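Peer 1: Okay, here's what each chain looks like letter by letter:
Protein chains: 2
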Amino acid sequence: MQEITQLHAIFDRTRGYINNFMGVIQPIIDAATDEHTRLYYHHILEEEEQRMGRLQELVPYLEKLSAGKSLDQLSDRDLSQMLSDVNLERFGLHNFREHLELSLYEFKDDETRQLLDGMREKTHTDYLTVKEIMANMSQRFSDAAHPDLTDHDEGHDIHQVDHLKASASAPHGVASVIKHSAPAVTGKKGLTVGSLKGM
Amino acid sequence: MQEITQLHAIFDRTRGYINNFMGVIQPIIDAATDEHTRLYYHHILEEEEQRMGRLQELVPYLEKLSAGKSLDQLSDRDLSQMLSDVNLERFGLHNFREHLELSLYEFKDDETRQLLDGMREKTHTDYLTVKEIMANMSQRFSDAAHPDLTDHDEGHDIHQVDHLKASASAPHGVASVIKHSAPAVTGKKGLTVGSLKGM
Numbered sequence: 000m001q002e003i004t005q006l007h008a009i010f011d012r013t014r015g016y017i018n019n020f021m022g023v024i025q026p027i028i029d030a031a032t033d034e035h036t037r038l039y040y041h042h043i044l045e046e047e048e049q050r051m052g053r054l055q056e057l058v059p060y061l062e063k064l065s066a067g068k069s070l071d072q073l074s075d076r077d078l079s080q081m082l083s084d085v086n087l088e089r090f091g092l093h094n095f096r097e098h099l100e101l102s103l104y105e106f107k108d109d110e111t112r113q114l115l116d117g118m119r120e121k122t123h124t125d126y127l128t129v130k131e132i133m134a135n136m137s138q139r140f141s142d143a144a145h146p147d148l149t150d151h152d153e154g155h156d157i158h159q160v161d162h163l164k165a166s167a168s169a170p171h172g173v174a175s176v177i178k179h180s181a182p183a184v185t186g187k188k189g190l191t192v193g194s195l196k197g198m
Numbered sequence: 000m001q002e003i004t005q006l007h008a009i010f011d012r013t014r015g016y017i018n019n020f021m022g023v024i025q026p027i028i029d030a031a032t033d034e035h036t037r038l039y040y041h042h043i044l045e046e047e048e049q050r051m052g053r054l055q056e057l058v059p060y061l062e063k064l065s066a067g068k069s070l071d072q073l074s075d076r077d078l079s080q081m082l083s084d085v086n087l088e089r090f091g092l093h094n095f096r097e098h099l100e101l102s103l104y105e106f107k108d109d110e111t112r113q114l115l116d117g118m119r120e121k122t123h124t125d126y127l128t129v130k131e132i133m134a135n136m137s138q139r140f141s142d143a144a145h146p147d148l149t150d151h152d153e154g155h156d157i158h159q160v161d162h163l164k165a166s167a168s169a170p171h172g173v174a175s176v177i178k179h180s181a182p183a184v185t186g187k188k189g190l191t192v193g194s195l196k197g198m
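Heads up: the protein sequence lines correspond to chains A and B, in order.
Be aware that the first sequence starts at 0, since it is given in numbering that gives the first Met the number 0, and climbs by one per residue.
Be aware that the second sequence starts at 0, since it is given in numbering that gives the first Met the number 0, and climbs by one per residue.
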């Protein structure tokens, strides 16, 4: 059950990260001056909201599972369903990593950039761990139908790029405006990067 | 079974649209000159690839279902699983609409813009139809566990924006380069906007 406990910890952590990320991005939407910027970040946050909705069911389920009976006692169908749900969230972690990387190109201030990059790094490690656990479990429970483990993330050079570095010299967006001339926007939400770090 | 036949037609159509969309976007990735642009469109295509992977299972399942027994004969569990899968693809349609809208900001030429906007319009109609079918079925099969139908797409002004209009005057991206000075890129894929329209 070690694996289920690990999965539970990973998906519980990413729920916290989604909240942090929303706190960082919402002010950009509020301060955006053109429809493209608004749509872009609105879209990213909406996808993270959908992921949060799924995690709010998966995390308690994994918690119950990790405290209870052995996986061998699950029916093939329950096992297969669980593997399929975890597989979907494996993609969710991968996509979240890219949302974090894309956001690095928005911010100029080191504090926010370090916060985003820290979540990016941990999310990538978590993604790799989930991938490994999935491969192990699929092999072990080869009788149960299990999801297609095809990886859509390989063979793309873009995944090898250090986006923290690449974004350092890129032109930045509306975020600098928020940071320096509209403190009321972050104040309104009662959130600062410092407070988010402690979440 | 009218509803299942409708769902099948909608998700079959969106598979075709994903292929069209990929043909339009891949040249942008190939021609991108900065990491942010590459990451941005790579990310969008990757999400659509993941959606395609799920649809390759869902569409044949719906086809089989529409040709077979009545929904009332499905077990609660099968019904609940089907509702949950369709609900995930309801979000998929919504997200695809936004991918199409975001892409409108990249292209200057009318032909591509009309192609994207046409798919956007039909995708939005399909999304609303799925939403209605889901609501009806959830009510009718109230005994089976069914997914949370909470809508993350309401109360956002951004969904009321006409992005075809808003993007008309926006500064455009790398796409104009492809269109006018690098025909070899589209030639390589053997795809043109004209050929995509007939797909």
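Calculated from the structure, these hints are not laboratory results.
Do not take every clue at face value.
No copy is singled out in the list; a pair is fine if it fits within one copy or between any two copies.
[To be verified] Straight line, CA to CA, 20 angstroms or less: simulated DMTMM-like cross-link-like pairs of lysine to aspartate or glutamate:
id : residue 1 : residue 2
1  : K107      : D77
2  : K130      : D33
3  : K164      : E34
4  : K63       : D108
5  : K164      : E48
6  : K107      : D84
7  : K107      : D147
8  : K63       : E120
9  : K130      : E45
Just so we're clear, the structure is a prediction, and the values are computed from it rather than from any experiment.
Peer 1: Now tell me, hint by hint, if it's right for this structure.
Peer 2: Verification of the supplied hints:
no.	hint	verdict
1	K107 with D77	neither (47 angstroms within a copy, 50 angstroms between copies)
2	K130 with D33	neither (39 angstroms within a copy, 29 angstroms between copies)
3	K164 with E34	between (28 angstroms within a copy, 11 angstroms between copies)
4	K63 with D108	neither (41 angstroms within a copy, 54 angstroms between copies)
5	K164 with E48	neither (28 angstroms within a copy, 28 angstroms between copies)
6	K107 with D84	neither (37 angstroms within a copy, 40 angstroms between copies)
7	K107 with D147	neither (40 angstroms within a copy, 38 angstroms between copies)
8	K63 with E120	neither (28 angstroms within a copy, 43 angstroms between copies)
9	K130 with E45	between (25 angstroms within a copy, 17 angstroms between copies)
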